[in-house]
Amino acid sequence: MDFRTFIDIGGSFETIVTWLRNNMGWLFSIISDTVNGMLGVSRWVLQTPPTFVMIAIFTAIAWFLASKGVAIFTLIGFSLIWYMGLWTLTMSTLALVFSSVVIALLLGVPMGIWSAKSDKVWNIMRPTLDFMQTLPAFVYLIPAVLFFRLGPVPGVIATLVFSLPPAVRLTNLGIRQVPKEIKEAALSFGCTNKQMLLKAELPVALPTIMAGINQTIMLALSMVVIAGMIGAGGLGNEVLRGITQLRIDVGFEGGIAIVILAIFLDRVTQALGTASRKRTEG
Amino acid sequence: MALIQVNDLYKIFGPNPKRAIPMINKGISKGEILKKTGCTIAINGATFAIERKETFVVMGLSGSGKSTFIRCLNRLIEPTAGEILIDGEDVMKMDQDKLREVRRYKMSMVFQNFGLLPHRNVVGNVEFGLEISNMDKEERRKKALDAIKLVGLDGFEESLTSELSGGMQQRVGLARALANDPEILLMDEAFSALDPLIRTQMQDELLELQARLHKTIVFITHDLDEALKLGDRIAILGPDGRVRQIGTPEEILAQPADEYVKRFVQNVDRTRVITAATVGGRAATITYPREDLQAAIRAMERNKTSSVFVTDADRHLKGIVTIDAAVALQKKGEKDLASIIKNDVYTTSPSTPISDLLATAIATGYPIAMIDDNGHFQGAVSRAAIIAEVNKGYEGSDTEMPQTLSDLQDALQDGE
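Chains S and F supply the protein sequences, listed in that same order.
Residue 1 is where the first sequence starts when you use our numbering, and the numbers rise one by one after that.
Residue 1001 is where the second sequence starts when you use our numbering, and the numbers rise one by one after that.
There's no promise every hint is true.
Unchecked claim - Computed list of lysine-lysine pairs in BS3-like fashion (alpha-carbon distance at most 30 Å, straight line): (1) F:K1098 with S:K180; (2) S:K194 with F:K1137; (3) S:K199 with F:K1098; (4) S:K199 with F:K1018; (5) F:K1149 with F:K1053; (6) S:K180 with F:K1030; (7) S:K194 with F:K1106; (8) F:K1149 with S:K183; (9) S:K180 with F:K1106; (10) F:K1036 with F:K1098; (11) S:K183 with F:K1036; (12) F:K1018 with S:K117; (13) F:K1018 with F:K1036; (14) S:K183 with F:K1098.
None of these hints come from the bench; they were simulated from the model.
Kindly generate the complete structure, drawing on both the sequences and the hints.
Here's what the structure looks like:
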């Protein structure tokens, strides 16, 4: 006898997805509109100015936040992207990353705080995050497409789900690691819960939270490329074209652009994290 | 009325802690209770009163519940049972708003590992408490700067706390606690994390500050020397979380309440704690000019001493007259003492520890006069009394006593 007729795991998941699609359509269209709006704004900001202005801005950001070396790398790397003719695609990838990361942080940091405050919440959150992180990234694409059709919106949603966990985890960790004496000191001076969070816990946890934000951005970038498979656009499309048409040149150029973008984002956010760590640890 | 009155306070950690109290009262041991109920007793029926403006030291070894105790006072830890009255109000019955008010305005705490905020500079840390109580920016900055000056950190206002040494960091902690001018200072092993030299220096500074500010200080320590140095009164906690003795440093040294306290105080340098007033006493005195030479000689004969102190009618010390000088004067047939009153006699305050008097006592031929803060003569300390007190500390211990050379030579000859 086939036990799968009793407990059909895949089938039940499909049922749930179908039910959601039929009954929660309004919710998905609200989400879809919001994400679309965010994407539109970030694309407009990134793609409207002339390319050389944008390269100058990125170089300046690297100079002031990270170091001279990173700034030089940015200047050469982004000029190379421009030279390869991938500028518009790179900016649209950046817009996808930016939108997913903003949403991931808006959801992830509060979830992290909540997990740090309650062991019960954390006990539920932890396996959920494990699930989200270890489920193969491609699997997210299917329900994302079913709910949001093809295009950049399901790309952002899938990226969001994939990159959310480190933000939650490291916010939770950062707050739990605040030394007991600092919490006691804050309490002993008559802190309310809100003051405790805003004036003691979050600032002390900031370096750890920044590390989480860095991780979130890097995961988002890697997922955005995979999301090219469902028509998210950007560099992912270019890489996909290289694979499907077996064109090494196209794939390689797309890949190089992604690497340059990744290094830029990593160094700059890491520098932000180090700055806050320096402030708290000396 | 005492400022802080603690009545029958219990703190028991573990599931359903209240059921352990009747077991404690039946005299069941700590270990037995832990085995039966899973409850650990931290504070075991503590009762005492802390007076206004005194430094009350709670002293105990680790695990005696002293840190738990201080956290019960501001309810960082919720006590299991009992009463904590501050100005007659029970802290344990306060709601969150009232409790927050007490924490903000009435008492501040200083922590062993400072508990400073690493992302703020010195002044930012010091004004933290004021900021929490929503004081406006300029006023709190001003008060914070005053507090920084008070602890001698001026010039470091903008430094990051991580750039400061341990002693300086604890000054920040102290300034933060003093900034809102609370009536009560709770100090939890405040100097225990500092190295010994800095610790001594901080203790001296705390004493100086206290002489100026007159706070009510509850000081927790595991270091008996620190307790004896800082405390007006000391409560000694036993390993069972029970208060073993409460008293002034001298009372605790002179009359330890039980074996535990006795063992504890055994190795203390008594001479640093026992004061002139304890070993000193009344001394032969005459009032000049009301009394004359005859009175002086009679006073010395009566008291069997070789000298007599001379005071005026208001008990201000004028000097000392020795028997030799008095007899010589009598032979000359004069009666006025004025020419033989010597003023090279040493004086001290009654609260000076005898360790500070020892060298003087050996050097001088006269007793050391005790004069109180108002300049009144209070009696004298004889050399014999000081040396006897110093010796008392060595009684029964295995210290090696010096021997005379002849004894040593005899011993050597016997050996051959």
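Looking back at the numbered hints, which does the structure fail to meet, lowest number first? 4, 10, 11
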